[in-house]
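Number of protein chains: 2
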Amino acid sequence: MSDASASGVRPVGVAVLGMGTVGSEVIRYMTENADALAARIGAPLALRGVAVRDLTKDRGLDPDLLTADPSSLVARDDVDVVVELMGGIDVPRPLLLEALRHGKAVVTANKALLAEYTDELAAVADSTHTDLYFEAAVAGAIPVIGPLRRSMAGDQVERVLGIVNGTTNYILSEMGSTGADYSETLAEASRLGYAEADPTADVEGYDAAAKAAILASIAFHSRVTAGDVYREGISRISPDDFESARDMDCTIKLLAICEKLTQSDGSEAVSARVYPALLPNTHPLATVNGAFNAVVVEAEAAGRLMFYGQGAGGSPTASAVLGDMVAAARNKVGAGRAPGESTYAALPVASMDEISTRYHVRMRVADKPGVLALVAAEFSRHGVSIAQVRQTEVELPETELDDVEPSAELTVLTHRASERALSDTVAALSDQDAVTAITSVIRLEGVDTE
Amino acid sequence: MSDASASGVRPVGVAVLGMGTVGSEVIRYMTENADALAARIGAPLALRGVAVRDLTKDRGLDPDLLTADPSSLVARDDVDVVVELMGGIDVPRPLLLEALRHGKAVVTANKALLAEYTDELAAVADSTHTDLYFEAAVAGAIPVIGPLRRSMAGDQVERVLGIVNGTTNYILSEMGSTGADYSETLAEASRLGYAEADPTADVEGYDAAAKAAILASIAFHSRVTAGDVYREGISRISPDDFESARDMDCTIKLLAICEKLTQSDGSEAVSARVYPALLPNTHPLATVNGAFNAVVVEAEAAGRLMFYGQGAGGSPTASAVLGDMVAAARNKVGAGRAPGESTYAALPVASMDEISTRYHVRMRVADKPGVLALVAAEFSRHGVSIAQVRQTEVELPETELDDVEPSAELTVLTHRASERALSDTVAALSDQDAVTAITSVIRLEGVDTE
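These protein sequence lines are chains A and B, in that order.
Counting from 1, one number per residue, gives the positions in the first sequence under full-length UniProt numbering.
Counting from 1, one number per residue, gives the positions in the second sequence under full-length UniProt numbering.
Think of the hints as simulated: they come from the structure by calculation, not from any bench.
Mixed in with the good hints there might be a few duds.
Each pair may be met inside one copy or between any two copies, as identical chains are not told apart.
Here are the simulated EDC-like pairs of lysine to aspartate or glutamate, each with C-alpha atoms no more than 20 Å apart in a straight line [what the hints assert, rightly or not]:
no., residue 1, residue 2
1, LYS368, ASP265
2, LYS260, GLU32
3, LYS57, GLU268
4, LYS260, ASP35
5, LYS368, GLU204
6, LYS260, ASP247
7, LYS57, ASP433
Only a predicted model underlies this, so the values are computations on that prediction, with no experimental measurement involved.
If we strip away everything but chain A, and leave its shape as in the complex, we get (with noise of 0.2 Å):
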């Protein structure tokens, strides 16, 4: 990777923000495939610098490339392409915008910041006719952002529903397979480095938020950002729900939702969302375990389609931004450009009152004659339909017998109703004495049929 190249052709310079797990597996790669890439580049890269916080760090580069100001570096005239892999916001995103002023190509992985930002990054890129890369800030080494933004160009997407974050899909795949709890799981997923220290990104939902709002807009040519999407993490799930899901034939899967739908005043809306939800075993996502991604995306002519793979890890991830990596580099060679960001169908984001699915509703209820009755006319009075009903004894420990009601465990399955007139149910249901408590609620995704 030199600046003279054997041809003569100019290369294409790349400066490399960041040079943990997976900038070190790009850099890496960069080098070994260099003769590969630059076949397919119609020019050769050449690796301009790498900025890093510790100088010092023996990282087995020349030393020469390493720098601690990533602005000097996006600025030099010899750099077209800018990849970012620092993560965070504030530091990138001046950085980013910089580069793309001057007409650099810019590749990144960072979600967070382009579930924010990429609005104003994208105009920045529009204004200087260069492009904005970013297949990797979504399911790692899976083509979805590609696919999404060119295969699917000519059809109507009406559904995109991801398994996008490996630590919640891990802890639950676990969870599903052993009977532990949330928290045995997830103390023993960071002990085996599927967790982070602080786990509160990915298992409450935000790492997959901003991904469901990056895919969002996209797959509806409209805005979305992180702070659109609904969310609800998987650390009220309980060996008891999956016990509940395994009934039913169904596992708990964390899904990114993202949906085109029709609101109750009849205009077009996005709906984009997070949680824990049930899905059945014969749903493609349903086998998805582990660490492992994949994002189903329903379309009107395409149908069903689901892209599968490694969503994290250093070289599934630079996967992705080499290809973003190669593409940016062509279009400097041709002086081309992709597709920019489509944001024409500006479509509003629905609230959470508008979406409609079908759920499972587990409670407490005091074992009485009558109780059934008066559930389900709850139920009916809010216009939700019951597709199924069951009632179980609750045992108690004998000391206990005579203190207490004797109660019974109620779970109800819904057909497809509105999450207005559920949380409705659900709050009614709460206030009658003979319910003790709404032990969980919990949608049911993935049916076709009502």
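Knowing the structure of chain A, use the given hints to seat chain B on it.
Using the frame of chain A, we list chain B on its own:
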């Protein structure tokens, strides 16, 4: 889709050649989603004409759009993109060459044509700086060509393993679940419309071989034509083979396999082949049933990816065609161009002798002492290591008991071996008096272990 666009932008003129199932769907979606497509392209699409064989048939289209003269349609100055959905080779080939010569973009789903003449078409597209798109030629709606060409552009593809023919996948899925034999199942598939009147192209693997040639060319940046692809059909697969498969926790799938390998002389080559193979039930392709298609891509950095969806049918195939049409139209508006065919690697195609895989060999042998030792010695003599062996008595009708020697069935599963060594072994076994018949030889794919 009128000539005069509201915004005053010059429309992109489209000619459609062929109005069968796919063509009709393409035209329907073009019309119904005209505004969305115009917004994505930056200009409206204008349907200039549709070439059909029978002008008298009512197609629900303005009759002025229909023509029986594709050549004149293609030649029109106001046609920018030619969409070829006629099939066959000799008729479309000169039409598409002529279109490309005049700088018109070509979108085609014609795998047979591409598997022979991609080079010729691509050379003309290069010379006039226009596009040749063919996502719909492989695996219907599933984005495979695009991801291989673009998303994988920074990675090194090692292997592509695909179920790319719906008819054979339907037949094999049915044989696996019903236990019926091949002829019955084919007859049933024909009755249900899953197999054509003359099913040869599907069941003998010609269709899959054309797709393998296209996939191998793109994955390995080399020239592979349909004739380079080793091919076996599914007609010799028996219920006994499925029974062996079940015993091994496997299923049987017709696979298109493209891989890079190192030949015995140390040089690199591409292998492209199509045959029914044993596949472990745990492999992601094992659960792809019925008319669905899926393609697994294994790459150095990305690891294993899978793309899954509907591999045929009017609407799904139209989705892929429309995606290409939008891409081609965007390039006409933006004066850009997609990266052309890349064959820089120019790897030769390996002969079957050079491949290595695992084999499941079933044979009828005389049931007498020393036969197992003799068979094992033949494998060993040819350097083929045995992983498992099983001998079962063959029960004969009582009437035959006096007439024939007692015989047994011997099944041998090998470790990884070269095709040459395996076929030499089989030939040597056939010459042995104690071996009555080699009943079947099936390759085992999709296992990483030796």
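**Item:** Hint numbers not upheld by this structure, sorted from lowest to highest
**Value:** 1, 3, 5, 6 and 7
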